[in-house]
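Starting from the known structure of chain A, fit chain B onto it as the hints suggest.
There are 2 protein chains.
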Amino acid sequence: MPAAIDPWGRNEVKDYGKIMADFGLKPFDEFAGAMPDAPTFMRRGGVFAHRDFGRIFDCVKGKKPFAMLTGLMPSGKFHLGHAMLAQQIIYYQQLGAKVFVTVADIEAYNVRKLPLAELRKIAIEEYILNYFALGLKPKGVDIYFQSERSIPYYRLIGMLSGKTTANEFKAIYGSDEPEKFISVAHQIADILHPQLPDYLGPIPLTVPVGIDQDPHIRYTRDITGRLPEFSFIPPSSTYHKFMKGLQGGKMSSSDPLSYIALTDAPEEAERKIMKHAFSGGRNNIAEHRRLGADLAVDVSYQYLLYLFEPDDAKMKKITDDYGSGKMLSGEVKQYLAEKVRKFLQGHQKKREKARNKLAAFSP
Amino acid sequence: MPAAIDPWGRNEVKDYGKIMADFGLKPFDEFAGAMPDAPTFMRRGGVFAHRDFGRIFDCVKGKKPFAMLTGLMPSGKFHLGHAMLAQQIIYYQQLGAKVFVTVADIEAYNVRKLPLAELRKIAIEEYILNYFALGLKPKGVDIYFQSERSIPYYRLIGMLSGKTTANEFKAIYGSDEPEKFISVAHQIADILHPQLPDYLGPIPLTVPVGIDQDPHIRYTRDITGRLPEFSFIPPSSTYHKFMKGLQGGKMSSSDPLSYIALTDAPEEAERKIMKHAFSGGRNNIAEHRRLGADLAVDVSYQYLLYLFEPDDAKMKKITDDYGSGKMLSGEVKQYLAEKVRKFLQGHQKKREKARNKLAAFSP
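Those protein sequences? They're chains A and B, same order as listed. Counting from 1 along the first sequence, just add 11 to a position and that's the residue number in this note's numbering. Counting from 1 along the second sequence, just add 11 to a position and that's the residue number in this note's numbering.
Be aware that one or more of the hints could be misleading.
Claimed, not checked - Footprint (simulated), chain A over chain B, 3 or more residues, beta carbon under 8 Å: (1) 108-121; (2) 151-161; (3) 175-189; (4) 192-199; (5) 219-230.
Said to hold, decoys possible - In silico lysine-lysine, PhoX-like type, Cα no more than 25 Å apart, as pairs: (6) A/Lys-124 x B/Lys-181; (7) A/Lys-174 x B/Lys-109; (8) A/Lys-181 x B/Lys-109; (9) B/Lys-174 x A/Lys-181.
Hints are computed from structural coordinates only; laboratory data are not their basis. Even for Gly, the Cβ is constructed at its ideal location relative to N, Cα and C.
The following block holds chain A by itself, in its conformation from the complex:
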């Protein structure tokens, strides 16, 4: 029996390989090196699997139109995990994709029980502003709220709801709660509506997601074929690893020590890393020199690998030196902490400058 994936769950993924096999995902390796100017974490295995990405790759290679959609749940602080996804959005925009960003405020309203106005503020202040500060260009990106999209989008929700059954929904999500169904129906419409005649019409579209969102992708792809009147092209998808929480577990918005927020004071972030980053270093220096660090569990190492050390030669040296025990845990932490401090110092200035890009988003 396939390992269950709960898109609303808090399960940590232990075995990416098993999930790929169970659900028929293909490894991303063949594209990782071939995508032009890919972000660091895409080149280095942070994006590890896909469905039908060949169709997107062909568009990139052939300079043909394609689209990308991603979503954000307005909740908590914008942290490095979100920044990793933001880099993908920006990357696809640079590749020429028509970019859609869904603010899942209806889902958040039902799940988090917060007023829409408050969710709107979080989306703008924490997410959208940081996207722009990180380099997303307002022109050519369609950032929208589920609660105020468009008639054709909502019509699609009404239409697709008749194309499934309670049994199918329960088999995928283990639930028949109306609020879950309506959340999922919005998500399916999010993914499909860029292909409506009112938007781009049928077009290759990719959705970068965490593996926990794959049930939505599979379900959407199934339903795609049940709406032949729209000639939807089944959406493609890529799967990225979750960034580890600072202390080694999951990042959790309820635990500020589990993440570095992009609004953290730079010195505070530095301190968090030095004091709390889960280390793959050994119990004492002698042992460390002998065995080398356990890179697979070392959080600082992974932050460098996926985000903060884009230079391959430097990264290789860290890998070699830390893996062999030549470099100590404190040194790696220090190396990362400095990078993060500088990044935050620069980013926080950019963030304030980016406020003029929020004109389209009335509070």
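Frame of chain A, contents of chain B only:
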């Protein structure tokens, strides 16, 4: 245990009294005589029950603003049963209500599996055109399609979906199918959205329905209280009897002999009544003279009572004479047939004249 009501079912209602007791409906008697210039069928018991209608009655008496909403399922022919509801719509418009008419095309799309464009055509040609021909004025009525309503309407669907549970839905509807939930969610939004700030704000609103639609009313009233941010006033409702099918059973769009359509040729309608109307007359004339007709089952009699003989004195004479056996079944049929023929002749001319009122409804 209360008698179950299935809003999607084909059950014929046998015992209105039991259903009223089971579901806490109040008799409409106290208002039936007091409503000014009420349509014939409302004065004569065709509207037999209500929830919270006192709130509406107070508005009528006090000339205060109120609203009315009803819906149509674009399907089959527009027949006398629909005309009875149309008379209520027109009556409320004359009383000064702000009138909303929902075309339940998303529900029809999911239930009848017809393309939206085809449903649109049926709604306009069969329903809306006949409403106008029967006297509904385009000014001051808001006729809309579920598939193209408005952002605030769809936002409400998203929000209310999180205010219920699968168990509650199953207890009311005996189903957890997504297409049923989405149909119901649209219907609840239909009933509530006139009270959104984008429309009228909180306002007394009544929904005239057949008893089979009461689950939607109860469910809507329950959910009303779970959206305190809108200060919705719980909607009122009235319940009308179903018009009997011509042959005594239910009207069914799949059986043209069960109804008189407003597009039937007048002579064809006359012939249908003479040949097929279910009679409460006795087995032979002698018996009929002795026992009188069984008025409770006589379809022609009921059509006269509720629709075609508004004159109380004349109706009383028919009741007396037919009930006592003085009048024969054929004579009552002939009386009705002539009324119906003349009505259709006049209506069909009005129908063509009313086409200029369809300007707002592009095909």
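Cross-check of the supplied hints:
1. 108-121: holds (count 3)
2. 151-161: Coverage by chain A holds here, the residue count being 5 at a Cβ distance below 8 Å.
3. 175-189: holds (count 8)
4. 192-199: It holds, with 4 qualifying residues against the three required.
5. 219-230: n = 0 at 8 Å, threshold three: violated.
6. A/Lys-124 x B/Lys-181: Given pair A/Lys-124, B/Lys-181 holds - Cα atoms ~23 Å apart, limit 25 Å.
7. A/Lys-174 x B/Lys-109: Distance of about 35 Å is beyond 25 Å: violated.
8. A/Lys-181 x B/Lys-109: Given that 25 Å is the threshold and the Cα spacing comes to 42 Å, the pair is violated.
9. B/Lys-174 x A/Lys-181: Answer holds: B/Lys-174 to A/Lys-181 is near 20 Å, not above 25 Å.
Figure legend: structure checked against the earlier numbered hints; hints not met, in rising order: 5, 7, 8.
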